[in-house]
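Okay, here's what each chain looks like letter by letter:
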Amino acid sequence: EDQVTQSPEALRLQEGESSSLNCSYTVSGLRGLFWYRQDPGKGPEFLFTLYSAGEEKEKERLKATLTKKESFLHITAPKPEDSATYLCAVQPLIYNQGGKLIFGQGTELSVKP
Amino acid sequence: KAGVTQTPRYLIKTRGQQVTLSCSPISGHRSVSWYQQTPGQGLQFLFEYFSETQRNKGNFPGRFSGRQFSNSRSEMNVSTLELGDSALYLCASSLRLATDTQYFGPGTRLTVL
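Chains A and B, in that order, give the protein sequences. Using my numbering, read the first sequence as starting at 1 and increasing by one per residue. Using my numbering, read the second sequence as starting at 1 and increasing by one per residue.
Be aware that a few hints might be false.
Residues on chain A that point at chain B, a partial pick, calculated with CB under 8 angstroms [what the hints assert, rightly or not]: (1) L30; (2) F103; (3) G106.
In silico negatives: residues of chain B with every beta carbon more than 10 angstroms from chain A [stated by the list, open to error]: (4) S70; (5) N77; (6) T111.
Derived from the structure by calculation, the hints contain no laboratory data. Just so it is clear, CB atoms sit at the ideal spot from N, CA and C, and this is done for glycine as well.
Chain A extracted, bound-state conformation:
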C-alpha cells in the first residue's frame, strides 16, 4: 500500500536555528514528490516538485532533496514567518491513478523570535 510518513509531527525552533523535516514514502513507482506549506485556515501552498533521486530544489531559506526512499526539507536560519505546517505528498506512477496525491500527516513548524 502506498504510504507517506512525515517526522517529526511538530518542531519548535528558535529564529536562526537550522533543521530538517523528513518525509519517508513507500510507493509502487514514483511519478513525483511534492512539498506544500499550509497556514492555519488556508489551502496548501505549493513549494517544490522533485522527480528523481538526487534531485534538489531551493527557494529562499528552503531546500528540498530526494532519495529513493525519502525526502528532506532543510530550513536554513528560519524566521517566525516560516511557521506553518509542511506537507509532503507523493504521486504514484500508475496509469489509472491519474494525478492522485497521497499526503503525509504533516510537520507543524513553530519558529520563535
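With chain A's structure known, arrange chain B on it following the hints.
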C-alpha cells in the same frame, strides 16, 4: 493571475441534508481535483476531473459525487450528510492533466450538526 477560488468558504448543515461546493480553477487550467482534510485522516483524495470526465476516484462512499463543466469549473456534492463529513474540502487545479503541479484553493469549511 487569480488563484483557485472556492465558494462558499464556510457552510453549516445538519445531518441528512445535502450540500454542493463550487470550485473555479486558475484561468487556463483544465484539470480539477478534490480533497477532504480532517484532523484525524489528513488530506485524502476524493476525485479528479479533466475535460468534463472523472478520471479517478478515491475511497469515499457514493454519497460523494462531482462534475466538471465545459469551462473547467467543478462542483462536488455530498448527499445525506453525516457528522463525520465535517471537514475542510479543498479543490486543486492543474494546467493540463492532474499529473501536473496541483495548486490549491482556500477550501470550504463544512460543519455538519
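Hint by hint, here is what the structure shows:
no.	hint	in the structure
1	L30	violated (12 angstroms)
2	F103	holds (4 angstroms)
3	G106	holds (7 angstroms)
4	S70	holds (20 angstroms)
5	N77	holds (20 angstroms)
6	T111	holds (14 angstroms)
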